[in-house]
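Take the sequences, apply the hints, and build the full model.
Residue strings, one per chain:
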Amino acid sequence: MSALQWVFIIASLITVGAAVMMVASHRMMHAALWLAVALLGVAVIFVTLEASFFAVVQLLVYIGAILILIVFAIMLTQRSTEAGSRLNSLAWGAAGVAGVIWTALTYVFIRWVVSGTPMQELGASFDDVVLLGKALVDAEGFAVPFEVASVLLLAALIGAVYIAFERKGEGS
Amino acid sequence: MIPLSWYLILSAALFSIGLFAVLARRHAIAILMGIELMLNAVNVNLLAFWHYWSQVKGAPQVNGMVFAAMIFVLAAAETAVALALIISAYRRHHTVVVDEMSLLKG
Amino acid sequence: MGHEMLNAWLYIGLFTLVAAALPAIAIFLAGLLSPRKPNPIKDATYECGVETVGPAWTQLRVQYYLFALAFLIFDVESVLLFPWAVAYQQLPLFAIVEAIIFLAILVGGLFYAWRKGALNWQ
Amino acid sequence: MTAFWQDPITFLRLWLEGLLLSWGVPASWVLVIRFAVGALLLATAALLLVILQLWLERKLIGRIQDRLGPNRVGPWGLLQPIADVLKIFTKEHITPAGADRVPFNLAPVLSVAAALMVWAVIPFSATVMGADLNVGILYLLAVGALGELAIILAGWGSNNKYALLGALRTVAQLISYSVPMTLSALVPVMFSGSLHLNVITQAQEVWFVVLAPVPALIFLTASVAEVGRAPFDLPEAESELVAGYSVEYSGLKFGFFYVAEFLKAFTVSLIFAVLFLGGWRGPGAEAYPVLGFVYLMLKSGAVYLLMILFRGTLPRFRIDQVMDLNWKVFTPLALILLMVIALADYFLRGTFPFVRVLGLLGINGLAYVVLDRLLSSRERLRRRPVAQPVRPVARPENLITSSDAGGQA
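Protein chains in written order, with the working numbering: chain A, 1 to 172; chain B, 173 to 278; chain C, 279 to 400; chain D, 401 to 809.
Please note that the accuracy of each hint is not assured.
Stated by the list, open to error - Within a straight-line C-alpha distance of at most 27 Å, the following computed DSS-like cross-link-like pairs (lysine-lysine) qualify:
| no. | chain 1 | residue 1 | chain 2 | residue 2 |
| --- | --- | --- | --- | --- |
| 1 | D | 487 | D | 459 |
| 2 | C | 320 | D | 491 |
| 3 | D | 728 | C | 394 |
| 4 | C | 315 | D | 487 |
Read the hints as simulated data drawn from the structure, not as lab findings.
What you are looking at is a predicted structure, and each value in this text was computed from that prediction instead of being measured.
Following this line, the structure appears as structure tokens:
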């Protein structure tokens with residue numbers, strides 16, 4: 001096996017292990033920290049896919065921002081977190097569903113033979129970020145999704161500020 | 173050279189774990205973390221297909237990258253609003269456990 | 279292609295291992311060298327001599343969440359702008375105006391949060 | 401073959417490679433060994449630099465405050481930091497009761513590692529750089545996220561109210577300031593058309609600090625805030641938060657938070673020098689790469705001295721001032737400047753370099769003045785008093801007024 005394959009195997013084992021620990025941990029803060037490990041593992045997976053831009057964005061957006069938002073939310077709502085069991089009555093059924101889905105998909109993927117199209121390595125001059133940048137603002141490319149993304153972000157900002165903002169007279 | 177199926181199996185595993193968290197956990201934020209995991213699985217899939225499709229074509233393709241970027245935007249917006257809702261619900265009901273919340277009609 | 283890219287990441291991976299190993303080894307060695315005499319008073323939580331009450335958790339204000347929220351939105355936005363900035367020199371005016379509209383929409387969001395008072399630290 | 405005195409690092413690298421190949425080591429292993437040796441040397445050098453920094457900073461701050469600074473151990477107190485390091489090495493490690501051990505012990509390591517990892521991508525001279533990463537500048541910003549994670553780990557692991565509050569407050573400050581920082585980092589990317597740090601350096605025929613002075617200023621201030629140094633050192637405001645997220649740490653674990661802070665201070669100077677001050681560029685740096693290294697160190701050293709000057713002369717901000725400055729001045733300023741520069745540079749693209757420089761300089765100045773007027777006129781109306789409203793004072797004329805503020809009713 002090549003070195004890259006070993007990197008992939010180790011990274012994916014860590015990712016999946018951290019994801020399992022995340023689901024299994026009782027304290028929400030531990031779950032968040034395990035989620036951080038899983039996200040880091042996914043960043044390494046992106047590196048093996050030669051998508052450095054997304055590996056770095058994974059770090060920047062998921063760990064740097066989303067995870068911190070989750071930690072703040074956990075801190076804001078901590079009072080009720082330690083009480084009660086962490087899984088609901090559907091847990092066994094859910095485990096069954098998830099297990100069946102994964103087994104079935106894995107079976108399909110192992111049996112599935114990719115057609116023998118020859119693969120070619122890409123040239124050294126290849127710069128994916130420039131391509132992405134051009135496509136995002138190209139009127140025939142993805143200009144509309146790009147603008148819609150900004151409207152979506154605006155809507156999320158306004159909506160979340162409106163919902164979370166403590167109005168007078170209410171609040172703890 | 174890593175076979176494409178390895179990525180798909182990993183992504184399926186992450187997706188299933190996320191799905192389990194969404195179905196089985198009682199804490200609203202834990203459910204949200206499950207959703208994050210599922211979105212990550214989707215991104216692994218998208219970028220894996222992007223990588224192999226680019227190699228088949230012999231030139232970098234742009235679609236997969238744009239989709240992955242949009243998933244990041246989506247994840248950010250979804251987390252922001254969902255956590256705001258959770259915080260707001262916590263302020264009214266003093267709980268973040270989903271099945272308790274649905275009983276209390278605010 | 280990207281063998282240069284993977285090589286760069288290999289270096290970063292090795293560097294990360296070294297950067298984590300150096301302080302870890304130093305702390306381990308210092309742990310061997312340093313004295314070790316724990317006692318309950320020494321190990322107690324330090325709160326300026328005041329007796330600790332309750333768990334280490336206090337109600338946080340929603341302010342923290344609002345700042346993190348604004349940060350998340352602008353972080354994602356700047357991440358989307360980086361590819362645009364790389365391509366900037368090769369773009370026509372139309373594309374630049376588009377990015378400016380993109381920015382202007384978010385400036386609107388910032389001013390909404392400002393007017394709403396979400397950016398005031400109370 | 402380059403001569404040793406032109407480019408010692410490349411010379412040694414080639415020598416090492418030749419030696420290993422002649423021993424029959426396979427080429428891929430030669431690469432790994434070269435990388436590992438390079439990483440080890442660079443990381444060690446960065447950590448040793450902190451010792452020098454400790455001495456320099458204490459000496460200069462002492463002088464600013466009309467004291468002598470360290471002056472007993474060794475000539476001019478030069479050996480003082482070594483004595484300090486030896487002392488802290490032998491101090492007891494106290495683990496507070498109820499601490500979450502894994503996060504508690506991981507935090508200082510991660511903190512130092514995050515500060516060190518920046519060094520992996522810095523171009524030190526025309527030929528010497530660790531990794532010429534195709535997303536170098538984003539990597540610099542992303543590594544900061546690991547530092548924030550380390551702070552959260554420390555705050556949570558300590559099982560202490562003050563540590564947790566301090567950690568969350570620190571993180572709130574850090575993430576806030578990374579918004580204008582990222583936005584102003586877009587400007588060098590726009591001018592150079594690349595995320596490679598080496599290309600950004602080479603593109604600086606004219607230093608970007610001249611083309612975009614206001615974004616450079618925002619970047620510098622935001623990076624001082626990112627490091628948590630005075631005047632933004634609220635994270636360790638003793639009077640408010642005991643000592644921030646590192647209260648419960650002792651011995652070398654505490655020392656490593658300190659090391660990380662100093663290392664980050666120099667690192668952000670280095671980043672500023674690379675992004676805005678032309679990195680290793682200078683007369684003769686192409687032909688003699690070793691000169692480029694000297695230039696880079698001089699430039700980042702100058703930025704670092706400026707940061708020491710900030711620390712020595714400016715009073716600490718209050719937390720609401722810190723947040724206001726960021727969200728109501730820097731972020732709108734950076735956003736609007738980005739739009740203005742993008743538009744202006746498009747029209748100035750084809751003109752003479754001289755016209756372009758002057759035009760951008762003028763537009764920066766104009767935008768700054770206009771926005772400063774706009775933002776500060778709004779802010780002054782809203783400015784809150786430091787203390788509570790004036791308490792009623794028992795004075796004869798107050799007895800008949802109902803005004804809390806006293807005075808004329």
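Now for the hints, and whether the structure bears them out:
1. Our distance criterion of 27 Å between C-alpha atoms is met by residue 487 of chain D and residue 459 of chain D, whose separation comes to about 19 Å.
2. With a CA separation close to 14 Å, the supplied pair residue 320 of chain C and residue 491 of chain D stays within the 27 Å bound.
3. Taking the CA atoms of residue 728 of chain D and residue 394 of chain C, the gap is about 13 Å. The hint holds against a cut of 27 Å.
4. Among the hinted pairs, residue 315 of chain C with residue 487 of chain D is consistent with the structure: their alpha-carbon atoms are about 18 Å apart, no more than 27 Å.
Against the hints set out earlier in the document, no violation occurs for any number.
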